[in-house]
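Combine both chains into one complex, guided by the hints.
Order-wise, the sequence lines are chains E and B. Residues 84 to 183 in the working numbering are what the first sequence lists, from first letter to last. Residues 306 to 513 in the working numbering are what the second sequence lists, from first letter to last.
For the record, the hints were derived by calculation from the structure and aren't laboratory data. Among these hints, one or two may not hold up.
Below, a list of computed lysine to any residue pairs in the SDA-like style, where the Cα atoms sit at most 20 Å apart [to be verified]:
| # | chain 1 | residue 1 | chain 2 | residue 2 |
| --- | --- | --- | --- | --- |
| 1 | B | Lys328 | E | Thr112 |
| 2 | E | Lys146 | E | Thr160 |
| 3 | B | Lys328 | E | Asn114 |
| 4 | B | Lys510 | B | Ser321 |
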Amino acid sequence: MKKIINGLHKAFESRVRLGIMSILAVNETLNFNALKEYLDVTDGNLASHLKALEKEKYIEMEKSFVGRKPNTQYHMTPAGKVAFVEHLNTLETLINSQKQ
Amino acid sequence: MKTEQEYIKDLSEIRSMMERSTKFVSLSGLSGIMAGIYALAGAYIAYRQFYQNTDTPLFNTLYPQDMAGIVVSLVMLAIAVLVLAVGTAVYLSHRKAARDKQVLWNPTSRRLLFNMSIPLLTGGLFILVLISNGILGLIAPLSLIFYGLALLNASKFTYDEIKYLGMTEIILGLLSSCFIGYGLFFWAVGFGLMHIGYGIYMHQKYER
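Isolated chain B, as found in the complex (with noise of 0.2 Å):
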């Protein structure tokens, strides 16, 4: 018969098991930080050249005549900034996942990205739709509300934190959709305090 020490032995390699071969925590904080960065200087480039010409400081909404130039760019820059967000993160998630000894691409994180991608791609696919008819003043808050729902949904499958993340992002949205025209001032606060934020939460917490 075993000792009690190694029944309680037995009963911790279970729990560890069961979460490693549930939850993907190869997930660094630091490139939540790194994202909110990239997004912080998106939106300052964005503001330099698109907003601060305007009477009111922040605001400033796009007319479907402006379209060809502006929309333009300013779609360029978001795509930037989200290849630049989602590369650190592959590339910090390989590093930790190589530290702590694991794969990178195993069942559960393919199954993260398969549960975030359906909130996101939706979103992104309307969000063009609206672009193509002009409706421009509803593209800062569906993108954070469906950020949101992609963060909701994908927290069944990492840290649990991620769930008020995704809480935040769609409440921010939802105000945000009450203050059109302020749609840059809200991204910068979803995308880029919160990760920052966040990232440090998570960075505390998990990588001391």
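If we strip away everything but chain E, and leave its shape as in the complex, we get (with noise of 0.2 Å):
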């Protein structure tokens, strides 16, 4: 049971994160207002849950200009991907360990 639990990573407990996860898992690159539509959450409630994932080296963003307009692309980093497949596979292994 141990080891199961070590698979869960405390970064995705937040719904908003794993949101932020699932969509960049299969997204190349996203900018700042897409995830905001997609997740319907406020612009700083979205930054700082970007910025604990971006801490955690899972997510990396890249800034740029569109014109004027700073536009802020962000992508899954390896590490990222590795964290969120071992999550999906903990929470799999969870459920269908309770079902027995």
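Given below as structure tokens:
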């Protein structure tokens, strides 16, 4: 059981962070506004969750400008992908073990 | 630690996020039905105007010397049908997106449009070249084939079922190329009946 719990990442406890990781798992890169639309959260809320994931080195951002507007693109790091897959597998085993 | 229920909710949230951020699901079945109706109406007008006076119904081959009059008005008719169909699709998708609290112009719809427009523009330009060279017999088969390829390409970014509509259009296009002269008939089936059938199926499946 202990090993199973180890696979769950604390960083993904929040539903918004889980959402960010799910979206970035299937989109190569995505900007801040698109993420905001999909997750239906406020700017501040999203920014703080993105920062937390960045600190864990699960995602990275790239700042650029479209005209004069800043455009921040986010993508998942290889470490993030590993952690996310591990998290998903653990969720699956947890649910399966509780079913039996 | 969370309960089992919460983990299950987490998983369904992950699945819906992955789906919502890669697939454009605001396409309405009704727009397929409407597009089919416009196409049938267009085919009927074309039939009344250009086909009825020939000895064999449904069969007509246009010759380059007819170009000036008939081809231009047929192309105008086709463009009118296309504009109506696309306009209705945009309007209905906008309505559906608003109802689901989504935005119509997002990365998914852009990706869908981009992937659909490459085969469509290629086919359109190719057909224009054929028209300008007076090769008119292949317009109907080629428009069905390129449209089918466009749908097949787009199906990765929206409902999976659109793939089958695409393959049907390709098959119809190939068949039509064996029966040159019956282009209008195949057009009415491909753009009219197929859209209506597909639209009804999608409406039943996703909008009930």
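Now the hints, each set against the structure:
no.: 1; hint: B:Lys328 to E:Thr112; result: holds, 15 Å
no.: 2; hint: E:Lys146 to E:Thr160; result: holds, 16 Å
no.: 3; hint: B:Lys328 to E:Asn114; result: holds, 17 Å
no.: 4; hint: B:Lys510 to B:Ser321; result: holds, 18 Å
When each numbered hint is compared with the structure, no violation occurs for any of them.
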